[in-house]
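Produce the entire structure from the sequences given, and follow the hints as far as they go.
Protein chains: 2
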Amino acid sequence: MKTYTYENSTALFKRAVKVIPCGVYGHFSPAPYVPVDAYPFFSDRARGARFWDVDGNEFIDYMCAYGPMVLGYKHPEVDAAFLKQHVESDANSVASPRMVELAELLVDMIPTADWAFFARNGADVTNMAVMVARSATGRKKIIAIKGGYHGTTPWMQAPGHHGILEEDLQHVIRIPWNDIKALETVIAEHGPDIAGFIATPYHHPVFADNELPADGYWQKVVELLHKNGSLVIVDDVRTGFRLHLGGSCERYGFKPDLIAFSKAIANGYALSALVGVESLRVDAAKVFHTGSFWFCAGSFAAAMACLKELQRLDGANLMQALGKRLTEGIVSLAANHGYTMKVSGELSMPYMRITDDGNVMLQQAWCSECTKRGAFFTSHHNWFLSTAHTEEDIKHTLDICDEAFKALKNSDGAQP
Amino acid sequence: MKTYTYENSTALFKRAVKVIPCGVYGHFSPAPYVPVDAYPFFSDRARGARFWDVDGNEFIDYMCAYGPMVLGYKHPEVDAAFLKQHVESDANSVASPRMVELAELLVDMIPTADWAFFARNGADVTNMAVMVARSATGRKKIIAIKGGYHGTTPWMQAPGHHGILEEDLQHVIRIPWNDIKALETVIAEHGPDIAGFIATPYHHPVFADNELPADGYWQKVVELLHKNGSLVIVDDVRTGFRLHLGGSCERYGFKPDLIAFSKAIANGYALSALVGVESLRVDAAKVFHTGSFWFCAGSFAAAMACLKELQRLDGANLMQALGKRLTEGIVSLAANHGYTMKVSGELSMPYMRITDDGNVMLQQAWCSECTKRGAFFTSHHNWFLSTAHTEEDIKHTLDICDEAFKALKNSDGAQP
Chain A
1 MKTYTYENST
11 ALFKRAVKVI
21 PCGVYGHFSP
31 APYVPVDAYP
41 FFSDRARGAR
51 FWDVDGNEFI
61 DYMCAYGPMV
71 LGYKHPEVDA
81 AFLKQHVESD
91 ANSVASPRMV
101 ELAELLVDMI
111 PTADWAFFAR
121 NGADVTNMAV
131 MVARSATGRK
141 KIIAIKGGYH
151 GTTPWMQAPG
161 HHGILEEDLQ
171 HVIRIPWNDI
181 KALETVIAEH
191 GPDIAGFIAT
201 PYHHPVFADN
211 ELPADGYWQK
221 VVELLHKNGS
231 LVIVDDVRTG
241 FRLHLGGSCE
251 RYGFKPDLIA
261 FSKAIANGYA
271 LSALVGVESL
281 RVDAAKVFHT
291 GSFWFCAGSF
301 AAAMACLKEL
311 QRLDGANLMQ
321 ALGKRLTEGI
331 VSLAANHGYT
341 MKVSGELSMP
351 YMRITDDGNV
361 MLQQAWCSEC
371 TKRGAFFTSH
381 HNWFLSTAHT
391 EEDIKHTLDI
401 CDEAFKALKN
411 SDGAQP
Chain B
1 MKTYTYENST
11 ALFKRAVKVI
21 PCGVYGHFSP
31 APYVPVDAYP
41 FFSDRARGAR
51 FWDVDGNEFI
61 DYMCAYGPMV
71 LGYKHPEVDA
81 AFLKQHVESD
91 ANSVASPRMV
101 ELAELLVDMI
111 PTADWAFFAR
121 NGADVTNMAV
131 MVARSATGRK
141 KIIAIKGGYH
151 GTTPWMQAPG
161 HHGILEEDLQ
171 HVIRIPWNDI
181 KALETVIAEH
191 GPDIAGFIAT
201 PYHHPVFADN
211 ELPADGYWQK
221 VVELLHKNGS
231 LVIVDDVRTG
241 FRLHLGGSCE
251 RYGFKPDLIA
261 FSKAIANGYA
271 LSALVGVESL
281 RVDAAKVFHT
291 GSFWFCAGSF
301 AAAMACLKEL
311 QRLDGANLMQ
321 ALGKRLTEGI
331 VSLAANHGYT
341 MKVSGELSMP
351 YMRITDDGNV
361 MLQQAWCSEC
371 TKRGAFFTSH
381 HNWFLSTAHT
391 EEDIKHTLDI
401 CDEAFKALKN
411 SDGAQP
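If you're matching them up, the sequences are chains A and B in order.
When we follow our numbering, the leftmost residue of the first sequence carries the number 1, and every step to the right adds one.
When we follow our numbering, the leftmost residue of the second sequence carries the number 1, and every step to the right adds one.
Please keep in mind that the hints were generated in silico from the structure rather than gathered at the bench.
Accuracy of the hints is not assured; some may be wrong.
Identical copies go unnamed one by one, so any copy, or any two together, can satisfy a pair.
Think about it this way: if two alpha-carbon atoms lie no more than 27 Å apart in a straight line, the pair counts; the simulated BS3-like pairs of lysine-lysine are [what the hints assert, rightly or not]:
| hint | residue 1 | residue 2 |
| --- | --- | --- |
| 1 | 146 | 84 |
| 2 | 324 | 342 |
| 3 | 18 | 255 |
| 4 | 286 | 18 |
| 5 | 14 | 84 |
| 6 | 146 | 286 |
| 7 | 181 | 140 |
| 8 | 140 | 409 |
| 9 | 255 | 308 |
| 10 | 324 | 406 |
| 11 | 395 | 140 |
| 12 | 14 | 308 |
| 13 | 409 | 146 |
| 14 | 255 | 406 |
| 15 | 286 | 140 |
| 16 | 286 | 395 |
| 17 | 14 | 286 |
| 18 | 227 | 286 |
| 19 | 220 | 140 |
| 20 | 18 | 308 |
From a predicted model like this one, the values you see are computed outputs, not experimental measurements.
Pasting the structure below:
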């Protein structure tokens, strides 16, 4: 199996570092997150479950644009819906009928949703959720999970990050995931000051195994928070529509007050949505939150097409089944080669890690070998399945993984 | 001249309020900002300088999507550049060559820019600017202008807004525009804590006359801040590319450290950019700031086409000339009817106000009469010209304005 080289990407990255801090930044930044020697820095073509880098290397993509791609790149129905709208009106000086239609669809599809509010970034709506919670309760403090991610707004970053003040974090109380005892302690201590609790449906940190909610965890969270007069916010930005079409809370059987969606909502078109219960409608109307592009109509049309297609395909279950096949295959191959591969999180967006070195270096080396052979994984972040991945893709990916394990064993210092 | 009615918009708004807080929110919210009885709530078609509402009413649009539309809706070259990119790759798992090319173009075109960083909302990059300033100086306080707007992130909102904490505002010091004395006082008091100063190139509040910088104001601001080891941030989100292609600071002859762009940068496609000087490159790389859709390639391609077209047309000067013709015409018509119309701000994005009632109610009534006849103005916010407005459009608009003044005089309680 031939391994890839990256001459054009390397040359373009040299140009990039001259005019862009880091060259490529944020979650697309190669270091220290992904295997740099195998990283296809730039791509100019994507179709279905694949992208091609600027060197012409072809990749089966298990990062799916870090979540937005859920039906496959350039999905015909979604793109057609976008373009039909786009040719008539996208940016405009007044709102689009598509905004109303999409809100109606979400209210119909999502049991928690009595209303919907739209923005562009996931962080726009996690911020909106916190503002609504503070407005509705007249309280300041937000409970969040240690290692939980809700965007890069200062209040949600980790202490010590550059440009972040300790004051940005002063009303955010972090507790461990799945720890009801810790939650009870915080409520006992800060009860009258707690506006709300924010967490992802399950815990999907980077550089660490993902954790599903323990039996009854969310139900207890809702009970304790509501008893305290506080709100429950689900950040479904990364998980949304890969676990359940009605919001990931439906998979785990609980009802929050607010849910933030983005990423997969429109198969790659920039859009985010906050939905909430009836009792918060007035506060959601009182809070002032807006952006220059939040009313662009094309993304609303794309979202409706995307959600309908996910419904038609039973997308969440299809992706779970594909993820099961992929992860079971990799675990089995790893064992054949003497490695232990651990799978965590939901199978439609699994986190995988070779456990034999106790960190992610072995995993990073293996991802590098996979990437160089055409299966694009990152070592530190959960992967994503899409409905465009086929049984044939999984089979080919497993062949690549097999070769990658062989290469890993043959490379220096990478013995399990 | 027939006046418009709004049956379809009214019916759709009734559906909207059931599923969206406020029905239409943010800066698109009709009340209390715009004449509700004449407000075309929804549009599904826009071309050039015009949009059509869902009742088929045609409007010459002087709000330009509140700034993003600068070359006319559905501009052939910009849309072609977007679509050419979009068909190959938009959302993707790695970066696009278009991002590098656009950064190169901005570094070439904007004297202040030694590097560029891209996001989606204007507020993404005003936030990034503040984080970079805090990272680079190790200081906390930001000086801003009373009534200045830099997005709806909590730190930039006004005290008392719903969901905003006093702690959000604790490191923002507000001073009046054009007031060097106030700036000196703040520096004397808080000097060692001041990370930076943020302001728009000229002061363009809502519900108030806009104010250009006094002679030497910006030069003195830069001098005082730099002497204090603090940074100067220009929020060019609303003004960018309507005053000068090299950043609005070029029109006023000064050099800031950071400039935030958005709105008109890609003629309606969602994009924002922070550019900065060489000495801040490392801090811009250290700050962690990212978003799910920040690497989508279509907007980068659209931005390059938009900026090149603005350059070809000498867009800023063209819009200034069109704005001069429009505002002079309206002032003259107002006088003919016994009203005093005051123009403030730059003529490519003028703020206009009938001064005879000392508030904006008369202005609101007049805007309503204009809107009902096909010229879309808001009463409380600066307007925007685009390169798609023609001499013929202005002439037709002035006819509408003439009729609107007549109607204003004939209506109850609206005598000057």
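> Are the CA atoms of residue 18 and residue 308 at most 27 Å apart within a copy, between copies, both, or neither?
Replying inline: between (43 Å within a copy, 21 Å between copies)
>> Reference check for the pair residue 324 and residue 406, CA-CA at most 27 Å: within, between, both, or neither?
In response: within (23 Å within a copy, 72 Å between copies)
> Is it within, between, both or neither when you check residue 220 against residue 140 at 27 Å Cα-Cα?
Replying inline: Result: close within a single copy only, 22 Å intra versus 39 Å inter.
>> Treating 27 Å as the Cα threshold, decide for residue 18 and residue 255: within, between, both or neither.
In response: This pair counts as between: shortest inter-copy Cα distance 21 Å, intra-copy 49 Å.
>> As a check of your reading, is residue 286 near residue 140 (CA-CA no more than 27 Å) within one copy, between copies, both or neither?
In response: Only inside one copy: residue 286 and residue 140 sit 17 Å apart there, 29 Å across copies, limit 27 Å.
> 27 Å Cα cut-off: does residue 140 pair with residue 409 within a copy, between copies, both or neither?
Replying inline: Cα proximity of residue 140 and residue 409: none, with 53 Å in one copy and 51 Å across.
>> At most 27 Å between CA atoms: does that hold for residue 227 and residue 286 within a copy, between copies, both, or neither?
In response: Close inside one copy (25 Å), not across copies (42 Å); limit 27 Å.
> How do residue 146 and residue 84 come out at 27 Å by Cα distance, when the copy is not named: within, between, both, or neither?
Replying inline: Neither way: residue 146 and residue 84 sit 44 Å apart in one copy and 43 Å across, limit 27 Å.
>> Please sort residue 181 with residue 140 into within, between, both or neither, judging by C-alpha distance up to 27 Å.
In response: Close inside one copy (22 Å), not across copies (36 Å); limit 27 Å.
> What label fits residue 324 with residue 342 when the C-alpha limit is 27 Å: within, between, both, or neither?
Replying inline: within (13 Å within a copy, 68 Å between copies)
> Between the shortest in-copy and the shortest cross-copy C-alpha distance, which are at most 27 Å for residue 286 and residue 18: within, between, both, or neither?
Replying inline: For residue 286 and residue 18, the Cα distance is within 27 Å only across copies (16 Å; inside one copy 44 Å).
>> Checking an output row: residue 395 and residue 140, CA cutoff 27 Å. Within, between, both or neither?
In response: neither (51 Å within a copy, 54 Å between copies)
Hints 1, 8, 11, 13, 14, 16 from the list above are not met by this structure, while the remaining hints are.
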